[in-house]
Amino acid sequence: MSLENGQRAKLEELFEALCEGRITQEQARNLEQAVLADVEAKQFYLHYIELHGNLLWDAATTSDAEITTAPILPNDRRRALPEPTVAMPSSAEAKTSPPFRQRRSIASVVSLAAGMLITVGLIGWLAVAAFSPEETGQPIAGVSPEQIRARQVGNGKTPRSKKPLAPLVVERRDGPSKKPVDPVPVVRNDGTDPKQPSTKQPGTKQPDATPRVASSAAEIVRYINERIEDGYVSAEVSASEMADDSEWVRRVYLDIVGHIPRADEVEEFLTDTHPQKRSRLVDHLLDDPDYARSWTTIWTNLLIGRSSAENVNRKALKQFLRRGFARNRPWSETVHELVSAEGTQDENGATNFLLAHLNNEAVPATAITSRLLLGIQVQCTQCHNHPFNDWKQNQFWEFNGFFQQTKAVRRKQQPSELITRKVGGPTYYETRQELVLAVTPKFNGVDVDAGPKTNRRRALANLMTSGEKPPVAASMVNRMWEHFLGRAFTQPVDDMGPHNPPTHPLLLDRLTTEFVRSGYDMKQLIRWVCNSRAYQLTSRFNQTNGNDDPEAGHPPLFSRVYVKPMTVEQLYDSLQVATRGRPEYQTDWETSDTRREEWMQGFVVTYNTDENDERMMLDGTMPQALLMMNGALTREAIRGERSTLLADVFAEQGGETDKIRQLCLATLSRYPSPEEVAAIRELLKQYGGGRRSDMRAGLQDYYWALLNSNEFVHVH
Amino acid sequence: MPDASDKPSVDSSPEVPGVTDEFVQLFTKSQRRLYLFILSQVGNPVDAEEVLQDTNIVVWKKCSQFQLGTNFQAWVSRIAAYEVLKQRDRKRRDRLYFSDEFVQQIAEEALTNTEQSESRRQALTSCLGKLRSKDRELIQRRYTPGENGKSVAEFLQRPINSVYQSLGRIRRTLLECINRHLAAETGQ
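Those protein sequence lines, which keep their order, are chains E and F.
Residue numbers 1 to 716, in our numbering, belong to the letters of the first sequence in order.
Residue numbers 1 to 188, in our numbering, belong to the letters of the second sequence in order.
No wet-lab data here; the hints were simulated from the structure.
You may find that some hints are simply not true.
[Stated by the list, open to error] In silico BS3-like pairs for lysine-lysine, Cα to Cα no more than 30 Å straight-line:
#1 F/K134 with E/K10
#2 F/K130 with F/K150
#3 F/K61 with F/K91
#4 E/K277 with E/K523
#5 E/K42 with F/K61
#6 E/K407 with E/K422
#7 E/K10 with E/K42
#8 E/K42 with F/K91
#9 E/K453 with E/K392
#10 F/K134 with F/K86
#11 E/K10 with E/K315
#12 E/K392 with F/K29
#13 E/K685 with F/K61
#14 E/K277 with E/K315
#15 F/K61 with F/K86
#16 E/K42 with F/K130
#17 E/K392 with E/K315
#18 F/K86 with F/K29
#19 F/K62 with E/K685
#20 E/K392 with E/K412
#21 F/K86 with F/K62
#22 E/K10 with F/K91
#23 F/K91 with E/K407
#24 E/K407 with E/K392
#25 F/K130 with F/K86
#26 E/K422 with E/K412
#27 E/K422 with E/K453
#28 F/K150 with F/K91
#29 E/K412 with E/K442
#30 E/K442 with E/K315
#31 F/K134 with F/K61
#32 E/K469 with E/K523
#33 F/K86 with E/K442
#34 F/K91 with F/K134
#35 E/K10 with F/K130
#36 F/K150 with E/K10
#37 E/K442 with E/K392
#38 F/K130 with E/K392
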């Protein structure tokens with residue numbers, strides 16, 4: 001470091017001004033002179049800029065900032081860094097590309113198709129608000145920015161969204177799976193909410209003999225609506241408009257069955273005139289086999305991660321979960337089995353959860369059981385008292401004590417086995433003061449006999465799943481809420497300790513109680529949430545709720561539904577639906593799961609994602625965009641071969657406009673606006689002389705652009 | 001226009017010569033350094049993103065010209081350097097931060113000096129972790145997309161100059177920390 005200190009300080013000041021964009025012409029000249037005069041100074045400059053650039057790059061590529069946050073950003077930063085990947089070529093590029101030739105080169109394919117992508121992106125659903133003419137250079141052919149804005153501002157203009165929403169009533173629908181498992185005596189549900197009049201909504205009259213569940217369903221929905229409404233009032237916002245049917249149908253399919261609806265399913269829903277069609281669709285989807293498949297995927301990923309460790313029988317765990325979801329087994333039972341499972345991993349799929357985490361004195365098992373199933377983060381109390389909450393170090397070890405009899409027997413070429421040894425005694429641990437202490441197993445204030453005769457895990461499972469509102473139930477409610485509304489009552493969802501109070505404590509409390517009373521009925525919980533008013537809202541902002549943006553650090557008010565990126569599994573399955581790409585989609589679930597996992601390896605390997613990450617999202621990063629744009633899946637789908645969706649659209653009668661509408665419906669679950677159709681037709685004109693094959697090439701590119709659009713890869 | 005007899009015959013599929021998995025990987029890997037390279041020449045992130053986009057378009061167009069086994073980073077950097085000049089031409093009338101000579105010299109210097117950039121990046125991650133939490137919050141807030149020193153100052157209701165000073169100090173701390181890391185690594 002041969003730069004003298006004075007020189008260095010002077011340079012730093014100039015660099016700092018440069019990085020903050022406040023450098024004057026004169027300072028810039030000084031900077032140049034000083035930097036060019038000295039090799040060390042040049043180095044210093046490069047290192048400084050490199051630091052600045054790395055921080056910018058990391059911030060832009062790691063923040064999972066949603067596209068919807070764009071409107072509130074200042075002009076010059078609207079284009080988040082990762083975005084150029086998808087929107088590489090500009091629309092100007094598409095316009096100036098050489099006249100289109102029959103034999104298409106990669107350059108023109110990329111450029112024109114990307115022009116499509118831009119068009120789709122711009123007049124599409126999400127990116128619209130971020131659009132401004134100075135950024136794209138030129139307005140899209142045929143559509144002025146004003147028109148585009150008009151479409152955006154006047155949301156809800158489409159006639160089909162005009163329909164007022166029917167009163168939200170949940171009807172009781174007891175599937176065959178509903179079993180009398182509820183150990184809680186049937187108590188009429190009141191007292192928790194004195195404000196609620198007990199009059200029933202019209203239409204909720206139940207033929208069944210057990211009125212409690214049914215009447216409380218409508219009441220619960222109303223309670224949700226009121227508590228959420230309270231939040232709006234105190235924050236002085238009003239809720240966004242209702243989502244139109246297109247937006248809603250796509251969302252509810254993705255949320256419940258894990259993929260987008262087929263075009264005909266969308267059409268069916270749009271033309272359905274039943275006043276309670278939304279709540280009927282929720283019921284219909286809960287009976288769909290893909291409900292079990294989707295939730296099995298979600299919980300497998302949570303329990304053992306996406307890339308399973310060796311010695312874990314992923315398939316067996318999935319079977320275990322799938323059976324539970326398919327027959328709507330009470331969640332408490334599932335948890336009970338996961339915690340107390342014994343036997344070989346092939347015969348008892350539930351053992352795989354603990355087998356995956358059982359090493360190092362069961363410390364990981366302790367932490368993950370607590371975090372995932374109870375929503376309590378204890379990992380830092382392993383070594384010291386929790387800095388923010390009441391968990392003390394001894395509590396970690398008291399909890400850990402429950403796993404001390406448990407042993408994983410691992411054999412070569414043989415399935416592993418989870419056994420319980422008949423041993424007793426305390427657990428020892430060391431404090432920061434190097435004091436060795438002993439504790440006996442204890443959960444939630446209840447001591448368990450530490451003798452060898454107690455099966456401690458079974459005792460723990462009992463304790464975890466008993467009580468009026470145990471953390472197991474609260475944690476599931478919180479997760480469900482996050483799954484559907486885009487944000488949990490606590491952030492993060494699995495940290496519900498006293499240091500992290502929920503945003504809607506009354507609501508969380510009530511839902512937890514009701515969930516327990518329902519006998520941990522998952523489908524019922526989903527019905528409550530899906531029928532709440534908050535879930536019917538559009539994800540768009542309105543004039544008043546611009547601050548309801550958890551991404552920007554504001555506590556969620558649920559005055560709109562927050563946009564979520566699709567998970568990779570949702571994306572894969574949705575691509576299958578949107579393209580009718582591969583026949584295995586219709587095959588058995590194991591085969592299709594295997595294919596999906598193969599495809600996902602592209603993402604897992606590329607990111608080297610921490611396997612137990614909460615969710616591996618499609619986060620709009622470069623490798624993911626490239627996989628999407630160039631992957632075999634997409635390539636095959638847009639080729640237009642027999643039996644794919646594109647082939648059918650080609651084969652159908654009707655003109656260009658019809659085909660544009662069909663493709664849009666199949667991918668984005670909505671019809672394109674007239675402006676979009678006009679813009680796309682304008683672009684299609686660039687594909688040569690209007691021959692059939694030319695139009696096909698254009699439609700292929702349009703389809704490709706739709707599949708790669710932001711609107712496609714988000715749940716909104 | 002199509003008619004009823006329009007059968008789903010197979011169109012010429014958009015095969016993509018030159019785009020191999022390896023190319024995609026190289027491309028993906030190159031993006032960060034490419035951005036840094038461009039930023040050092042244009043000085044502001046918005047312009048840098050624009051040039052990065054322009055460069056990526058050209059890289060894709062010319063992908064068949066790239067020969068696997070040769071230096072990908074050098075290849076894309078050459079394209080980027082040219083795109084920087086093109087942007088400068090376009091922006092002549094606007095205010096430019098730097099002179100042609102400066103840009104050229106920096107580009108040369110940046111190309112000769114790349115081998116440690118990955119270690120420096122890793123060191124940065126570790127150094128961010130070592131910052132005092134108050135400093136880390138400040139720098140993270142500053143680099144949240146959409147923010148800058150001014151908006152952070154407004155948010156924190158601190159005098160703007162004091163925020164600039166703090167940011168400068170934190171950057172210095174980080175640089176020193178990175179240099180210590182590198183020195184330790186190379187055993188100097």
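- prompt: Can you name, in rising order, the numbers of the hints this structure does not satisfy?
  reply: Failing hints, ascending: 5, 10, 11, 12, 14, 17, 20, 23, 25, 29, 30, 31, 33 and 34.
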